[in-house]
Structure formats: structure tokens, C-alpha cells
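Under this note's numbering, think of the first position of the sequence shown as 1, with each following residue one higher.
Note that these hints are calculated values from the structure, not bench results.
Derived lysine to aspartate or glutamate pairs resembling EDC-like cross-links, with alpha carbons at most 16 angstroms apart:
id, residue 1, residue 2
1, Lys-53, Glu-66
2, Lys-75, Glu-27
3, Lys-53, Glu-89
4, Lys-107, Glu-89
5, Lys-64, Glu-52
6, Lys-107, Asp-77
7, Lys-64, Glu-89
8, Lys-53, Glu-37
9, Lys-75, Glu-96
10, Lys-64, Asp-54
11, Lys-75, Glu-89
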Amino acid sequence: MRRSVRTIPAIIAVLAAAPLSAAGPVETAMRGSYSCEMPGTAAGAAGIRVPEKDFRIRSASRYKSEQGNGVYLRKGDVIRFTSGPRSGESYTVVGENFLRALGPDGKPSRLRCIRTGN
1 MRRSVRTIPA IIAVLAAAPL SAAGPVETAM RGSYSCEMPG TAAGAAGIRV PEKDFRIRSA
61 SRYKSEQGNG VYLRKGDVIR FTSGPRSGES YTVVGENFLR ALGPDGKPSR LRCIRTGN
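With the hints as extra help, turn the sequences into a complete structure.
Okay, structure coming up:
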């Protein structure tokens, strides 16, 4: 009994130290295929396809890409591939069908991914 009483303050301290972003709600991404592209130019195409970045959300927590399968986690407006060949990649949810890749610094990059179908 004494041991469990002593661990309660330690648990409270750990929870209090957790960053606020970790407290965001866990959600799922819209299922379907996402086609990724870089912005085009005024003189050319509106977007320049980057097919090696395409992926498909298969279920509540799984993705599939040409590199292989893995698991993702969505907390708030951030989707992070947590396992598989694309582990570590992150995207911010801009709209229901629109994601923007995040760079290593956590800032939005130019790569965008649009949900194109179920």
C-alpha cells in the first residue's frame, strides 16, 4: 500500500510535465488515396506530381504506400507515420481532403497531398 501511495505523486508530476500538444484528441484520417504534388508555376501545370509520396489510408490507423505498409497516428490536426518505411513523416490537416507535409523543423513544406478517392 505504501509503495502505491508514493508512486501517485510521481505519476502526477509526469502527467503535469507532458506537453500540451500531447493532450490533443486522438482522431483518424479520412480513408482513401492521397495524391501528392509540389506547387507548379504560373506558366505551367498547377501541380507537379510526386508519386513516390502518394499513400492510402486503409483503416483507422494503417497506411499503405509504394514503399510498404505502416501505422499512423492523428492527434488534432497532425498526422504522423509512426511505423513502416515512412515512419517519422508528418502532415498537417488543412481540410477534410487536403494535407500539407511538415518538414523536419515541424513547419509546413511545399508538398501537398489531396485525397482523390476511396
